Amino acid sequence: MWENFAAGSLALFSDPFTIAIFVFGVMGGMLFGAIPGVSMLTLAAILLPFTASLTPAQGVMLFAVIYCTGTYGGAITAILFNIPGAPENAPTAFDGYPMTRQGKSGKAVGAAVLCSAIGGVASALVMMAATEPLANWAIRNIGPPEIFALVFFGLAVASSVGGRSIWKGWMSVLLGLIIATIGQDPVGGINRYNFGFTDLAAGIAFVPAILGFFAVSEIFVQAEKKATGKFDAPKVGMSFPSFLEIWAHRIAVVRSILVGFFCGILPGIGATLAAFMGYGEAVRWSRDKEAYGKGKLEGVISSETANNAATGAAMIPLLALGLPGGALTAMMVAVFQMHDLEPGPLVFYNSPELIWIVFAAMFYANLSILFIGLVETKTILYLLKIPFQFLAPMILLLATIGSYIGRGLVLDVIVMFGAGIVGFLLRRSGYSIPGIVLGIILGKIGEQNFAQGMQMVHYDLFTYFSRPICLILIVAGSLTLLAGIYKAVGSSRSTASQ
Amino acid sequence: MIETGVWLIICIIFFTFSFEFNQPIEIYKFGATGWPRVVLLLLLLATIGNFSYMRIHGSAVQKGRVGIADEDVSDTDYRDFGALLKVTGVLGTPFIFAMLLKPIGFYFSTPFFIALIIILFGERRVKWVLGITAMIYAVLLGLFMVVLNAPLPQGNMSPFYDYSALILTLNTQLQQMW
Chain A
1 MWENFAAGSL
11 ALFSDPFTIA
21 IFVFGVMGGM
31 LFGAIPGVSM
41 LTLAAILLPF
51 TASLTPAQGV
61 MLFAVIYCTG
71 TYGGAITAIL
81 FNIPGAPENA
91 PTAFDGYPMT
101 RQGKSGKAVG
111 AAVLCSAIGG
121 VASALVMMAA
131 TEPLANWAIR
141 NIGPPEIFAL
151 VFFGLAVASS
161 VGGRSIWKGW
171 MSVLLGLIIA
181 TIGQDPVGGI
191 NRYNFGFTDL
201 AAGIAFVPAI
211 LGFFAVSEIF
221 VQAEKKATGK
231 FDAPKVGMSF
241 PSFLEIWAHR
251 IAVVRSILVG
261 FFCGILPGIG
271 ATLAAFMGYG
281 EAVRWSRDKE
291 AYGKGKLEGV
301 ISSETANNAA
311 TGAAMIPLLA
321 LGLPGGALTA
331 MMVAVFQMHD
341 LEPGPLVFYN
351 SPELIWIVFA
361 AMFYANLSIL
371 FIGLVETKTI
381 LYLLKIPFQF
391 LAPMILLLAT
401 IGSYIGRGLV
411 LDVIVMFGAG
421 IVGFLLRRSG
431 YSIPGIVLGI
441 ILGKIGEQNF
451 AQGMQMVHYD
461 LFTYFSRPIC
471 LILIVAGSLT
481 LLAGIYKAVG
491 SSRSTASQ
Chain B
1 MIETGVWLII
11 CIIFFTFSFE
21 FNQPIEIYKF
31 GATGWPRVVL
41 LLLLLATIGN
51 FSYMRIHGSA
61 VQKGRVGIAD
71 EDVSDTDYRD
81 FGALLKVTGV
91 LGTPFIFAML
101 LKPIGFYFST
111 PFFIALIIIL
121 FGERRVKWVL
131 GITAMIYAVL
141 LGLFMVVLNA
151 PLPQGNMSPF
161 YDYSALILTL
171 NTQLQQMW
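Chains as they are written, first to last, in my numbering: chain A, 1 to 498; chain B, 1 to 178.
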């Protein structure tokens, strides 16, 4: 492994043009991740045609680097403005934004930098050491029933976080699931809920939905505060977390690495569910559950470690099996195809140099997060000093461009602003915006895998749930669900008896 | 009651429209409607659960819930008509801007949109409104049109379309200078 890694590093740093692409990927991923309204997906979509003029190794490496640094970059806006740069940064905002309001933005961003780097580097190391055996294990043990079961578990975790009651948590998730059914059904390709709009046949793209529910609704919330005289500009806090503060959360870091890696390795699941589950597990094991959502450092640490731990793991099904784990890895498949290559087991034998340049680049990209992140953090924190009346139009326009560029549809911009208004109203009523977004993202994946699983087992539910991993995940999800309902009913009874 | 009513209407609309695509799929027993209808049934059950919870607790946060920022527990009272008007303006302006993108285009409508949002957010100094509007417009055009060549809506109505065409021609001439 180390010889291959050294060879990959040498290939990466011996060519000035490849170094330039690496640096561009690191800076571009961080920048697009950190600018409210656009994301690493926007950058990747813009760059995709240009990768045709690069070598296959440079093209795939560029996207892998953007994936690592963009996942971190989105945490900055989540912490500073409550606007996650990508869905995988949504749980970071739960505690990161309250920390900003309390003048602890430096601590939150510093923890995000450090833990993103730790999660990413750990994930890159495991990826280098065990891509082939892990891929073989996954192909033998993970099928559509397991992926559906994990989606169910993830949705159960998401429903337990964010809404004012378990019911509102589930209603948010279910609203997301029903929005995800708009467009063609994943089995027969039949148009559903297009309400007479032909553009809706392609479904609701998740980028406009995310931008609307997070970025636009946050602008509306701040507008409401301005209008009612309750606006309070966030305080700039420059103090970073000390080594001891991070060390005190070492168990959360290790747990989140494991959770993130497991989620990342599963095709279609990726970093978003990893972040939610990392956060959910931190809450589950904590003695001070009530403090989550009110500015607890461990919330930021858990979510940021888990989502970056998923980045390396997401490359395993892509490179070893040819299965993309999310939107960005799907674009990487397009890069392979542009160069007449197919990701999959043969790549390891036909183009080992490509694989090891990508592995080495991901390792160094995660290390770069640490160094560049710490250097740039102090500059980024000054964004908080820009008066909100000047920041708001910028964010709204970047979100407009970000949602239009993906498919070139004005409908997507309308959907985004519509989602913003709906998100604003739902937030006021105590529903969970991250729950809705996770429902939209996982809805199609869940339905597709449920259908494939049912076809596999000839509609025999007993066989479906007799698979051990599937059974464990379904039981864990059901327990999470039942525990939430039990608490809701229990609190109703105690209130009634009083 | 209103909240529950809205959710019930959503369930009814989606259930009614599900008959539009109620076709069998040869390879899949549950067809195209199976999944959405199960989700709707669960949504209905959750709505009933929420209704009974809210009857007892009102809109209070359930004990032990996590991830709820203070921001999300709004208690804004809209007795001040001016505040209501301002919020409605901020909510409506982006939506109108989005609706106008197809006929008028991004290039023409954007400066007006920027200025309007800045004013709605309370800025009254004319120099600042104009200066910041020009700066944001220039930065966006510089980044997305000149550097990234990203295609943005041009509009389909004269003279707005002609304005977009002029901007794009200037961009092409600028690119050719390099």
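Just so you know, these hints were derived from the structure itself, not from any lab.
A portion of the hints provided could be inaccurate.
To be verified - Here are the simulated DMTMM-like cross-link-like pairs (lysine to aspartate or glutamate), alpha carbons at most 20 Å apart as the crow flies:
#1 K487/A with D288/A
#2 K102/B with D162/B
#3 K86/B with D232/A
#4 K102/B with E281/A
#5 K444/A with D232/A
#6 K230/A with D162/B
#7 K86/B with E123/B
#8 K289/A with D232/A
#9 K294/A with E353/A
#10 K29/B with D460/A
#11 K63/B with E245/A
#12 K230/A with E123/B
#13 K235/A with D460/A
#14 K294/A with D232/A
#15 K63/B with E290/A
#16 K487/A with E290/A
#17 K385/A with E123/B
#18 K226/A with E26/B
#19 K226/A with D162/B
#20 K63/B with D460/A
#21 K225/A with E245/A
#22 K225/A with D80/B
#23 K225/A with E20/B
#24 K385/A with E281/A
#25 K487/A with D232/A
No experiment lies behind these values; they were computed from the predicted model shown.
Evaluated hints:
Note on K487/A and D288/A: the hinted pairing holds, with a Cα-Cα distance of about 17 Å set against a maximum of 20 Å. Distance check on the hinted pair: K102/B and D162/B sit about 14 Å apart at the alpha-carbon level, within 20 Å; holds. Under the criterion of a C-alpha separation no larger than 20 Å, the hint pairing K86/B with D232/A is consistent with the structure, at around 18 Å. Simply put, K102/B and E281/A have alpha-carbon atoms about 46 Å apart, too far for the 20 Å limit, and the pair is violated.
Distance check on the hinted pair: K444/A and D232/A sit about 40 Å apart at the alpha-carbon level, beyond 20 Å; violated. Distance hint between K230/A and D162/B is unfulfilled; the C-alpha atoms sit about 44 Å from each other, more than 20 Å. This hinted pair checks out: K86/B and E123/B have alpha carbons roughly 13 Å apart, not beyond 20 Å. The hinted pair formed by K289/A and D232/A fails the criterion: a straight-line CA distance of about 27 Å is larger than 20 Å.
Pair hint K294/A plus E353/A does not hold up; C-alpha atoms about 47 Å apart against a cutoff of 20 Å. Proximity of K29/B to D460/A is assessed by CA-CA distance (about 12 Å); at most 20 Å being required, the pair is judged to hold. The suggested pairing of K63/B with E245/A is violated, with an alpha-carbon distance near 28 Å, which exceeds 20 Å. Of the supplied pair hints, the one linking K230/A and E123/B holds, its CA atoms being roughly 16 Å apart against a limit of 20 Å.
Pair hint K235/A plus D460/A does not hold up; C-alpha atoms about 57 Å apart against a cutoff of 20 Å. Between K294/A and D232/A the CA atoms are separated by roughly 17 Å; this keeps the pair inside 20 Å, and the hint holds. Using a Cα cut-off of 20 Å, the hinted pair K63/B and E290/A holds, with the two alpha carbons roughly 9 Å apart. Among the hinted pairs, K487/A with E290/A is consistent with the structure: their alpha-carbon atoms are about 14 Å apart, no more than 20 Å.
Among the hinted pairs, K385/A with E123/B is consistent with the structure: their alpha-carbon atoms are about 16 Å apart, no more than 20 Å. At most 20 Å may separate the alpha-carbon atoms for a hinted pair to count; K226/A and E26/B exceed this at roughly 56 Å. As the CA atoms of K226/A and D162/B are separated by approximately 38 Å, the hinted pair breaks the 20 Å bound. Only pairs whose Cα atoms come within 20 Å are accepted, and K63/B paired with D460/A is rejected, the gap being roughly 39 Å.
Distance hint between K225/A and E245/A is unfulfilled; the C-alpha atoms sit about 34 Å from each other, more than 20 Å. Under the criterion of a C-alpha separation no larger than 20 Å, the hint pairing K225/A with D80/B is consistent with the structure, at around 13 Å. Distance hint between K225/A and E20/B is unfulfilled; the C-alpha atoms sit about 43 Å from each other, more than 20 Å. Taking the CA atoms of K385/A and E281/A, the gap is near 35 Å; set against the 20 Å cutoff, the hint is violated.
Restraint check: the Cα-Cα separation between K487/A and D232/A comes to about 35 Å, which exceeds 20 Å; the hinted pair is violated.
In the structure shown, a violation is registered for the earlier hints numbered 4, 5, 6, 8, 9, 11, 13, 18, 19, 20, 21, 23, 24, 25, in ascending order.
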